[in-house]
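There are 2 protein chains.
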Amino acid sequence: MRYELYYWPSIQGRGEFVRLALEAAGADYLDVARLPARAGMGMPALARLQGGATTLHPPFAPPFLKAGKRVIGQTANILLYLGPRLGLAPRDESEALWAHQLQLTIADLIGEAHDTHHPIAGSLYYEDQKPEARRRAAVFTAERLPKFLGYFESVLARNPRRGGHAVGGRLSYVDLSLFQTIAGLSYAFPRAMARRRNQCRRLAALHDRVAALPRIAAYLASPRRLPPCDADLFRHYPELDA
Amino acid sequence: MRYELYYWPSIQGRGEFVRLALEAAGADYLDVARLPARAGMGMPALARLQGGATTLHPPFAPPFLKAGKRVIGQTANILLYLGPRLGLAPRDESEALWAHQLQLTIADLIGEAHDTHHPIAGSLYYEDQKPEARRRAAVFTAERLPKFLGYFESVLARNPRRGGHAVGGRLSYVDLSLFQTIAGLSYAFPRAMARRRNQCRRLAALHDRVAALPRIAAYLASPRRLPPCDADLFRHYPELDA
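In order, the protein sequence lines correspond to chains A and B. Here the first sequence is numbered in my numbering, starting from 1 and rising by one per residue. Here the second sequence is numbered in my numbering, starting from 243 and rising by one per residue.
FYI, nobody ran anything at the bench for these hints, they're computed from the structure. Among the hints, a few may not be true.
To be verified - Listed next, the in silico DSS-like pairs over lysine-lysine satisfying Cα-Cα at most 25 Å (straight line):
no., chain 1, residue 1, chain 2, residue 2
1, A, Lys66, B, Lys389
2, B, Lys308, A, Lys147
3, A, Lys130, B, Lys372
Keep in mind that this is a model prediction, so the values were computed, not measured.
The whole structure should be built from the sequences, with the hints applied where relevant.
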């Protein structure tokens, strides 16, 4: 199966959680919006599928995945679908639900991280909501970030299986998503993250272990991995990282 | 199976999406935090299960569901689990994923509705973030609300099966959640919703049909249905509904 990922072509964003799963599994996939429009790909193909009157299951927003005739939206839902097919989810139903629950909690965290720089509206520039962003970011770094990090650290500590994975004894999409979350938070909030370093040792170790997986290391060194930038979900504005 | 729902005892909130599914199916359940602490229930029971060192799969936040030995968190994940067991989800895998995708998009919408009154921090009072709330609510009612409503209206219009359901030809948890969403938005933003009435006829009809289901009608008329209030997810502040 050749999967087709549809996501903004110039940012990591939420699509990166899907890219990492496809890359870690060595899956055959096209990153459609990054391919040429003259070849029937690119942003026109994304707009066609999302807005098309014939799309039976239209996604509200990217990312979405085309798998054969299926079009699947919502990042966590895409990973729910891909997980067992890519060998990146536990087979046991309870464990699979637990993995999905963690992914949804990661989604909550990254939504809050995003809203630090866009507390008023995604349709306005950061520059148009800077005072509000400062207020929201201060609460985020003081209260919410430690709460989420402490939660995920305790999830790693409670896993009865060895190996430092989030769920069970094998790599899952949750590990990949935690890697991306720690990488993004460390980019956006280096000072706030440094203050928490001692409370996040298991998360830091997991981040480093995922980054060193041969397929992930090759991906991160390739042009397929987009650099962080200030149009992305995670943004580094020093004034928000007090 | 007697299910145990753990959620704040005085608000509808996110727990209401689970309550509606349990009620619509006539399921046997306890709304634990609303029962007396002296009977081993109430908020102490919620805190014990959420924070307990022996909870293998600790939820980040309420609502969560205890089903036998399982503890399942995240509203959409709880419905993913309950759906097939309560006869409130399609059996076909593609349709089940589609239902879940819609539920996750509803979660995004209600998160944005919540943040209209708490754009800076959930830990601060509304009164401490009123100017920011006005700005965020203005964008929400002008841009985001119409976008989400138009999306869900088109989902209803595209369903090839008759009956006005969101997914397939039968009642699912998505219909119940759309009912709750329309009810909450109509309570919080009566003026903004009235302006959109003609663009949301299918959603309005679905809302009314769900409200008239015998078990749901009985539930809504019972003391089990908590009234809306200004400590809830959906809040009516006239100044945010310009």
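Tested hints:
1. A:Lys66 to B:Lys389: Holds, because 23 Å separates the two Cα atoms, which is no more than 25 Å.
2. B:Lys308 to A:Lys147: 23 Å, holds
3. A:Lys130 to B:Lys372: 16 Å, holds
Against the hints set out earlier in the document, no violation occurs for any number.
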